[in-house]
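Just need the whole structure built from these sequences, with the hints factored in.
Residue numbers (this note's numbering), protein chains in the order written: chain W, -8 to 234; chain G, 109 to 358.
If you're looking for bench data, these hints aren't it; they were derived computationally from the structure. Cβ coordinates follow ideal geometry from the N, Cα and C atoms, glycine included.
Facing chain G, from chain W, some residues (calculated, C-beta under 8 Å):
1) Thr13
2) Asn221
3) Ala222
Here are the computed lysine-lysine pairs in the DSS-like style, where the Cα-Cα straight-line distance is at most 27 Å:
4) W/Lys57 / W/Lys72
5) W/Lys217 / G/Lys287
6) G/Lys287 / W/Lys210
7) G/Lys147 / W/Lys63
8) W/Lys72 / G/Lys287
9) W/Lys26 / W/Lys202
10) W/Lys63 / G/Lys287
11) W/Lys23 / W/Lys202
12) W/Lys63 / W/Lys78
13) W/Lys146 / W/Lys63
14) W/Lys146 / W/Lys78
15) W/Lys72 / W/Lys217
16) W/Lys210 / G/Lys147
17) W/Lys232 / G/Lys287
18) W/Lys202 / W/Lys63
19) W/Lys217 / G/Lys147
20) W/Lys26 / W/Lys63
21) W/Lys78 / G/Lys287
22) W/Lys22 / W/Lys146
23) W/Lys145 / W/Lys94
24) W/Lys57 / G/Lys287
25) W/Lys78 / G/Lys147
26) W/Lys232 / W/Lys63
27) W/Lys26 / W/Lys146
28) W/Lys78 / W/Lys145
29) W/Lys22 / W/Lys202
30) G/Lys287 / W/Lys161
31) W/Lys72 / G/Lys147
32) W/Lys232 / G/Lys147
33) W/Lys146 / W/Lys232
34) W/Lys78 / W/Lys23
Negatives, chain W to chain G, calculated, CB over 12 Å:
35) Ile29
36) Ser30
37) Asn56
38) Lys57
39) Glu59
40) Ile79
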Amino acid sequence: MKVLIRIFWLFGLMLTGACSSTMQVEKTVTKKSEKPIISMVSLNPDFEIITSSANSTPREYKSINKQEIFFKDALLENATKNGLRLKILNANNFDNQDANYFKELAPLKREIMRASYLQDFITNDGEVTPKDKQGIGEFERGPIIASHYSYLAKKHETPYFAVQGLTSHKKPREEKYLLLFAFPPLGIASFFYPEVDTYFYNIVADVESSKIVYKEIRKVNQLANKSNMNAIIFDSFRIMKGK
Amino acid sequence: MLILFMNRVLKHSRVILFTLVMLSSWASSYGQSSGYQGKRVIAKIDLLSPLVNRGIDAGIEVAVFRRMSFYLGTSYSNKKYKQFLEDYKFRNGSYPIERSRIRDLQGELILKVFTSRAIPAPKGSYFFLGGGVGTADISGNDFLHNNADPENERYISYLNTGILSNKYKFGFGYQDIIKGFIVLDFDIGVTLGSLSVRGQLEDDCDNCNFLFAGFTNKYGPNIYSFSEWAKNNPGGLGLSAHIRIGFLLF
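The structure is reproduced here in structure tokens:
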């Protein structure tokens, strides 16, 4: 009996820990007049790894470069797998003379980020409570952006522009002595498990209708490795395509 | 052993195939399950089973919802156990060297609930709940002692076939996908083993101790058995683990 109580206690601990992964998706209801998302421009995807463990240097540039390249490759690969044409505009490839990016696209990125931060997706009644569909909120109206970016749709042959990024925070290790006493095998295993929070975001704006049509943020307690990136990005594009 | 296993699997192949097709079509028709890069079906085999059960444990897993998958498998075990015959030890000074054997073939159905909604099934940590049903053959020895006439004491062999066997299991695990198609699955949990031997005995009894020479309480768990499940059931209660390797098919 004592053994069973121990096991159920352990399960409780596991369940509590499991709640730390989250996903929030907000999108507008697709109208007949809207073009389906089959082509999209990604505005200089962000990639960042923050290490706050005391023994490490704040940034590991070498590994970040490798992972950053993979992140952009994963965006392209998973877009193709979802039947989506994705064009990544990478600011690292531009120089100071490239006025187009700094005049047009960098302000658009700022505009999308600002609007998504300051405004909510709302229903026709002005409510911010989503019509929840398996954790995915559907709304009639999305945040509004400035209308003077609409000419970009013609220039890039798509009205959809996305701000995407991945941030991973490696935290100092928490010593899980409680777990070690409750269930030694798992307690020992927890010492090898990474203490990390990885966030992925994907915000898509329609510059023709001047609104944000899709916004998503995910948090997982796992490393930003190839396998996790592929799983997250494919799923994100699939939900977005289902819009 | 492999031929016997394959024969038994082939007997039930139509049922297995039908169930797989139903699960796959259900999975593909349900929009919320994107699987891993669009793939939802995994074929896998347990690496621990040949080592700890002298058997095979293989099956198919289908991700049906964002946080849920089903594992449909079959397991064959052919495990040998030490026989704790006290009367034999009293006469001969030690337990018999012959080992008893439980040969068991089961079909398994396991429900997996994944903890993360942000990474869809079948990748990530999960809780599982499930069970198996099948038939077992038990072979072993008994020592019929006779204090009044030691000359007539007998050391006999027995074989009970077609015993209905069940396993119920729950626990947690972690499944990862490497290189886009190789699947590694580790799990640990509690297993309850049950052998329906009541019909196999000559005398019907309500409060019998069904432990066969003290080994049937080890039936079920594959790592460590804490105890027998119940006095009227000769199965065991304990910990089981699996290390499965597989391939993401489609």
